[in-house]
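Chains as they are written, first to last, in the numbering used here: chain A, 598 to 821; chain B, 56 to 298; chain C, 56 to 298; chain D, 913 to 1130; chain E, 146 to 382.
One should not assume that every hint holds.
On the chain B side, residues computed to face chain A include the following (Cβ under 8 Å) [said to hold, decoys possible]:
| # | residue |
| --- | --- |
| 1 | LEU107 |
| 2 | ARG130 |
| 3 | GLN142 |
| 4 | VAL162 |
Far from chain D, some chain E residues (derived; all Cβ distances over 12 Å) [said to hold, decoys possible]:
| # | residue |
| --- | --- |
| 5 | LEU197 |
| 6 | ASP237 |
| 7 | GLU250 |
| 8 | VAL254 |
| 9 | ASP259 |
| 10 | LEU275 |
| 11 | THR286 |
| 12 | ALA328 |
| 13 | LEU332 |
| 14 | ALA350 |
| 15 | ASN354 |
| 16 | LYS361 |
| 17 | ASP363 |
| 18 | PRO379 |
Heads up, simulated DSSO-like pairs for lysine-lysine below, C-alpha to C-alpha not over 30 Å straight-line [to be verified]:
| # | chain 1 | residue 1 | chain 2 | residue 2 |
| --- | --- | --- | --- | --- |
| 19 | C | LYS167 | D | LYS1026 |
| 20 | C | LYS149 | D | LYS1026 |
| 21 | C | LYS92 | D | LYS1026 |
| 22 | C | LYS135 | D | LYS957 |
| 23 | C | LYS164 | D | LYS1053 |
| 24 | D | LYS1053 | C | LYS149 |
| 25 | C | LYS149 | D | LYS1123 |
| 26 | A | LYS715 | B | LYS164 |
| 27 | A | LYS715 | B | LYS75 |
| 28 | D | LYS957 | C | LYS149 |
| 29 | A | LYS715 | D | LYS1123 |
| 30 | B | LYS176 | A | LYS715 |
| 31 | C | LYS167 | D | LYS1053 |
| 32 | D | LYS957 | C | LYS164 |
| 33 | A | LYS715 | B | LYS186 |
| 34 | D | LYS1026 | C | LYS135 |
| 35 | E | LYS225 | E | LYS192 |
Think of the hints as simulated: they come from the structure by calculation, not from any bench.
The beta-carbon is built from N, C-alpha and C at its ideal position, and this holds for glycine as well.
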Amino acid sequence: MTYQFDFAWLATYWPVFLDGVLMTVRLIVIGGIAGLLLGTFCAWARSLGPVWLRPPVIAYVELIRNTPFLIQLFFIFFGLPAAGFRLTEVEAATLAMVINLGAYSAEIIRAGIEATPKGQFEAGASLALSPVQTFRHVVLVPALQRIWPALASQVVIVMLGSAVVSQIAVEDLTYAANFAQSRTFRAFEAYFVSTAIYLALAILLRFALLQAGRMIFPHAGAAR
Amino acid sequence: MPLIAIDGLRKSYGEHEVLKGIDIGVEKGEVIAIIGKSGSGKSTLLRCINGLETINGGSIAVDGAELAADEAHLRALRLKVGMIFQQFNLFPHKTAGQNVMLAQQVVNKTGKAEAEAMARKMLDRVGLGEKFDSYPDQLSGGQQQRVAIARALAMEPMALLCDEITSALDPELVGEVLQVVRGLAAEGMTLLMVTHEMAFARDVCSRVVFMHQGRVHETGRPEEVFANPQTPELQSFLGRSAA
Amino acid sequence: MPLIAIDGLRKSYGEHEVLKGIDIGVEKGEVIAIIGKSGSGKSTLLRCINGLETINGGSIAVDGAELAADEAHLRALRLKVGMIFQQFNLFPHKTAGQNVMLAQQVVNKTGKAEAEAMARKMLDRVGLGEKFDSYPDQLSGGQQQRVAIARALAMEPMALLCDEITSALDPELVGEVLQVVRGLAAEGMTLLMVTHEMAFARDVCSRVVFMHQGRVHETGRPEEVFANPQTPELQSFLGRSAA
Amino acid sequence: MTQFTLIDILRNLIFATQWTVILSLVSFAGGGLLGLVLLFMRIGKARLLPPVVKLYVEIFQGTPLLMQLFLAFFGLGLFGIDVPPWLAAAVALILWTAAFLAEIWRGCVEAVAKGQWEASASLGMSYLEQMRHVILPQALKVAIPPTVGFSVQVVKGTALTSIIGFTELSKAGTVLTNATFQPFTVYGLVALIYFALCFPLSQAARHLERKMNAAHRH
Amino acid sequence: ADALESIKEAGILRVAVPQDFPPFGSVGTDMKPQGYDIDMARLIATKLNVDLALVPVTSANRIPFLQTGKVDLVISSMGKNPERDAVIDFSDAYAPFYNGVFGPEELEVADASDLSGKTVGVTRGSIEDLELTKIAPDDATLKRYEDNNGTISAFLSGQVDAIATGNVVAAAIIAQNPPKLPAMKFLIKNSPCYIGFAEGEPALAEAVNKIIAEAKEDGALDEISQQWLGMALPAGL
Ligand SMILES: Nc1ncnc2c1ncn2[C@@H]1O[C@H](COP(=O)(O)OP(=O)(O)OP(=O)(O)O)[C@@H](O)[C@H]1O
Ligand SMILES: Nc1ncnc2c1ncn2[C@@H]1O[C@H](COP(=O)(O)OP(=O)(O)OP(=O)(O)O)[C@@H](O)[C@H]1O
Ligand SMILES: [Mg+2]
Ligand SMILES: [Mg+2]
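Start from the sequences, fold in the hints, and give me the full structure.
Below is the structure:
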């Protein structure tokens, strides 16, 4: 191998990477929170919600789960303006992440809801809680707790999937790598650095989510 | 007018008619034991009274208000009658205290302090004052069932429905739960309980209802029913459960 | 020389010493019952003899050959002693017949026809000749356990280790399995069995070994051991299991 | 300049779809083989291999597939290997697929009851014989639904190869968008084609799973 | 080894060409690349008497393609600047290229300073990107897309106010009657296109330059220019 590795350019370009990391983090924080809310809503709609709401929710979940994120992103950013609906690239990327995570987490959360013993619904009802109150106060927390590790993995997957948002000029971590390599022509090194950062982000994000799980669900024994 | 008036109640699951016309009137302060073979429809009856099942015929009225299927009526009904289940059904993510407070806060919009005071009172009443901060899985079965009773009592119902509330308990824990129920009966609570504890039924109840194949087959004061069963079905049922 | 010679056997899990020096000699044709409280190390002892656990001290020799940890020695050992488990552990993806044939074909390289003949013979022996093509989940627990016995027998072992082989069975199925074991004992098979069936042990076994806290606490002929337990531990153990 | 009709667009998209399909098949087959090797390394008895595989899985599951594609594309070249985009795409997808499949399958092997290991050991079987005759046949059955389910991720993963210049369905979509100025139509069609590829696979996975939960275990 | 020799030995010339940059390189209805750069590549292959393998690249990745030996030549309407010159070598110019900022008719921009507050799309790593980055005011936003497809799509879908690209590219867009017509706002740079190849290959450089010179001489290049750019080859190229 005659190639000489050279990371000297990092001295100049690290601020670009820092901005990129911040953008990636921002996307996953906003996308993650909104996506989980959407997913929770869809999980509720699909397993407990009104019957008329189920077909559209199923269609949404299946459509998103069976098409690539990149195409969803292009459709939102390049396609929707043709239909008179324009978003900035960051809005488009965030929206794409929200609907993507929403669809995946809906399925995960639904599994958690459906594992709820029937007696929990009946106990809620017999205490005069409305179905929505029962869902909110009785069913939801143990359901989320049950599937929290799977949910954490999915959020990490969506974070890693966000690498393609640079395609629509969102200045995320991948953009930083692309930008640096287009100026320094150090493609391998640039991608190597960003890959390492992604790996660190993934490990940190998973750790943070599991830690958060411990805080949100203080009683481990409830997830059964 | 009886507190709970059940009139010609019918309930089917698909083709299978489980309740074939039930008439029962429960006066305020009565303690009624419902006995009968497995599958005779005892649980279904209680579940209908609590509005957990839709009924196919007849009527149920509690404190003069007839049961209807819409949400508002159901909630009103459930505020009047509490229910306690065989499987306790405590909320696993909430402490004993939070279990008791929840419905007060959510349904009655009671303030937190007031709900907590009520919860402490009710947990004291079932002898679990010091378990306020324990989670269900840190409690024994008997303690869990007592929390469930406290949870129902905190809504100040007019009547309590109890479905085999000691059947899931280890024998040594049955006593502590029955003790609590005995106390409630003594204080004048209206109770409708499915039970296999014949000795307890004889002791505490004012009336026994024997169900058989979806009908009230025989009914009467416990001393009569147990001493002089009229129908061969009840005779055979009592003979078996005595063995 | 005993068929199975266990000498100063020690076994620990981490810090926890489970077997604290066991000496047992099993003669050919002996039927030994191992009894003792839960956690006393009975299963661990059998598992060590079968080489399923590595040992920390002492020695185990079967038919003169000492147990060593390498694969070849282990296989040789396991061909001499078969093992039957509480949970049957039949291979769910194979029929009863295939369960019995598999190890013959794979380990002994027996031809298919011969293995099948042996399998039919062994299934007949445990009274399941007609279940050759049934899958485990189409068999009752008792039948499954009998297939497991046939599977072990097909390898023509010198001795069989049985670990509570009736504990996972419904009471009415225990008899059929014990009947098979009784037959094996009568035919002169060397048996080492952990059991809670005291009546069976008294009836069939030539010797009883009482284990307590990782040691052989008392041993002797069943009529002596059961009638005159020497140590307070055995007295209390027998007292409890008689109750 | 050339004008595209809707038929032209569709024809070209469908033509490009064949590359998506081929790439998916190659990735899945190659990833399956490598995944199997990794699986054996992971559950085998050699002491050093399992942590290596664990690290491998951690890296490939913990970094974006896009980055893996870039690195394969630009990295392999540094070793003097001439990598056309399709090869880089195939290599990266195979490595990525293998990491996931190895992990899925490991779960399936570990789901086989411990008693099965002990019963087969006590019958005198060697490790390989246990694997071959007792453990793997059972694990295989459990493994089919999640494996089919994962194939959907592989098909979708091939879309990223467009970014290193491989002209499969997504790339054809981008190129055609530019030639036609109809992004809404083109990306809509692209999404539909992906859906047509993936939806049957997800349904099959779901169906298999339901069947397995219901059926006998043999 | 000597690059020219290994090309001849292999009998095949691998050339990086654009497929998202009309009229230099785009696709026909058969999805095959076509355009000025493709014809140029064909010309060189013919002159070297070897087969031609076209490798579609983007502006962002064409130099890595060359650096990692995936292609022998980059004929991808590439402009020359010192940064690039440091890592690869260039031939003589083979095509004219004027890049500028284009926007809709109503957009009032006359020079770089007018871009203040505007959003401009460029293709990452292109000469326009590098040059505009230097001259654009601080409060202008540059959106850098991965390839020209992205840049053009962004303009046509209205995601950016203006784009920086070549005049002929804009002309090619106009020729296709897009929903939005790009009009020239100002010229960034006269930046003719060069063929790129790996550093330290004098024999290859000489051969390529010779072919370019001949093609200028015998009118072959002029013909290509007429066909794709609709104009004669500028004299001074
Ligand atoms: N959700 C249901 N769907 C269909 N049939 C049901 C359902 N719930 C109960 N049944 C049937 O209704 C009949 C009465 O059931 P119910 O639970 O009321 O009996 P029970 O008297 O409470 O018996 P047990 O003593 O076993 O609790 C039974 O035959 C039962 O199979
Ligand atoms: N794999 C293991 N790791 C750690 N400790 C173990 C393991 N297996 C058994 N033990 C411990 O070893 C001790 C003896 O276990 P063993 O299973 O031999 O008891 P036993 O006499 O068979 O009891 P039982 O009648 O309940 O089957 C117990 O304290 C048990 O907790
Ligand atoms: Mg019942
Ligand atoms: Mg044991």
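Checked hints:
1. Taken as an interface hint, LEU107 (chain B) checks out: its beta carbon lies about 6 Å from the nearest beta carbon of chain A, inside 8 Å.
2. With a cut of 8 Å, the hint placing ARG130 (chain B) at the interface with chain A holds, because the nearest CB-to-CB distance is about 5 Å.
3. Here the hint on GLN142 (chain B) is kept, as its CB sits about 5 Å from the closest CB of chain A, short of 8 Å.
4. Because the beta carbon of VAL162 (chain B) sits about 5 Å from the nearest beta carbon in chain A, less than 8 Å, this interface hint is met.
5. No beta-carbon of chain D comes within 12 Å of the beta-carbon of LEU197 (chain E); the shortest separation is about 15 Å.
6. Every C-beta of chain D lies more than 12 Å from that of ASP237 (chain E), the closest at about 27 Å, which supports listing it as non-interface.
7. The Cβ of GLU250 (chain E) lies farther than 12 Å from every Cβ of chain D, with a closest approach of about 17 Å, so its non-interface assignment holds.
8. The Cβ of VAL254 (chain E) lies farther than 12 Å from every Cβ of chain D, with a closest approach of about 23 Å, so its non-interface assignment holds.
9. Distance check for ASP259 (chain E) against chain D: the nearest CB is about 27 Å away, which clears 12 Å, and the non-interface claim stands.
10. Remark: the non-interface label on LEU275 (chain E) is consistent with the geometry, its nearest Cβ contact in chain D lying 20 Å away (cut-off 12 Å).
11. In this structure THR286 (chain E) is separated from chain D by more than 12 Å, as the shortest Cβ-Cβ distance comes to about 22 Å.
12. With a least beta-carbon separation of about 17 Å from chain D, ALA328 (chain E) lies farther than 12 Å from that chain, consistent with its non-interface assignment.
13. Every beta carbon of chain D lies more than 12 Å from that of LEU332 (chain E), the smallest distance being close to 24 Å; the non-interface claim holds.
14. No Cβ of chain D approaches the Cβ of ALA350 (chain E) within 12 Å, the least distance being about 21 Å, so the stated non-interface status holds.
15. At roughly 25 Å from the closest C-beta of chain D, the C-beta of ASN354 (chain E) stays outside 12 Å, upholding its exclusion from the interface.
16. Against the 12 Å criterion, LYS361 (chain E) stays outside the reach of chain D, whose nearest CB is about 26 Å from its own CB.
17. For ASP363 (chain E), the shortest C-beta to C-beta distance to chain D comes to about 28 Å, beyond the 12 Å cut-off, and the non-interface label holds.
18. Here PRO379 (chain E) stays apart from chain D, with its beta-carbon at least about 23 Å from theirs, past the 12 Å limit.
19. With a CA separation close to 28 Å, the supplied pair LYS167 (chain C) and LYS1026 (chain D) stays within the 30 Å bound.
20. Taking the CA atoms of LYS149 (chain C) and LYS1026 (chain D), the gap is near 17 Å; set against the 30 Å cutoff, the hint holds.
21. Pair hint LYS92 (chain C) plus LYS1026 (chain D) holds up; C-alpha atoms about 24 Å apart against a cutoff of 30 Å.
22. Distance check on the hinted pair: LYS135 (chain C) and LYS957 (chain D) sit about 25 Å apart at the alpha-carbon level, within 30 Å; holds.
23. For the given pair, LYS164 (chain C) sits about 26 Å from LYS1053 (chain D) by alpha-carbon distance, which is consistent with the 30 Å threshold.
24. Restraint check: the Cα-Cα separation between LYS1053 (chain D) and LYS149 (chain C) comes to about 13 Å, which is no more than 30 Å; the hinted pair holds.
25. Our distance criterion of 30 Å between C-alpha atoms is met by LYS149 (chain C) and LYS1123 (chain D), whose separation comes to about 19 Å.
26. A threshold of 30 Å between alpha carbons decides the hint, and for LYS715 (chain A) with LYS164 (chain B) the separation of about 25 Å falls inside it, so the pair holds.
27. Among the hinted pairs, LYS715 (chain A) with LYS75 (chain B) is consistent with the structure: their alpha-carbon atoms are about 26 Å apart, no more than 30 Å.
28. This hinted pair checks out: LYS957 (chain D) and LYS149 (chain C) have alpha carbons roughly 26 Å apart, not beyond 30 Å.
29. A hinted pair counts as satisfied when its Cα atoms are at most 30 Å apart, and LYS715 (chain A) with LYS1123 (chain D) qualifies at roughly 24 Å.
30. A threshold of 30 Å between alpha carbons decides the hint, and for LYS176 (chain B) with LYS715 (chain A) the separation of about 29 Å falls inside it, so the pair holds.
31. For the suggested pair LYS167 (chain C) and LYS1053 (chain D), the alpha carbons sit about 25 Å apart, so the restraint of at most 30 Å is met.
32. Taking the CA atoms of LYS957 (chain D) and LYS164 (chain C), the gap is near 24 Å; set against the 30 Å cutoff, the hint holds.
33. A C-alpha spacing of about 26 Å is found between LYS715 (chain A) and LYS186 (chain B), which places the hinted pair at or below 30 Å, so the restraint holds.
34. Restraint check for LYS1026 (chain D) and LYS135 (chain C): the C-alpha separation of about 22 Å stays at or below 30 Å, so the hint holds.
35. This hinted pair checks out: LYS225 (chain E) and LYS192 (chain E) have alpha carbons roughly 24 Å apart, not beyond 30 Å.
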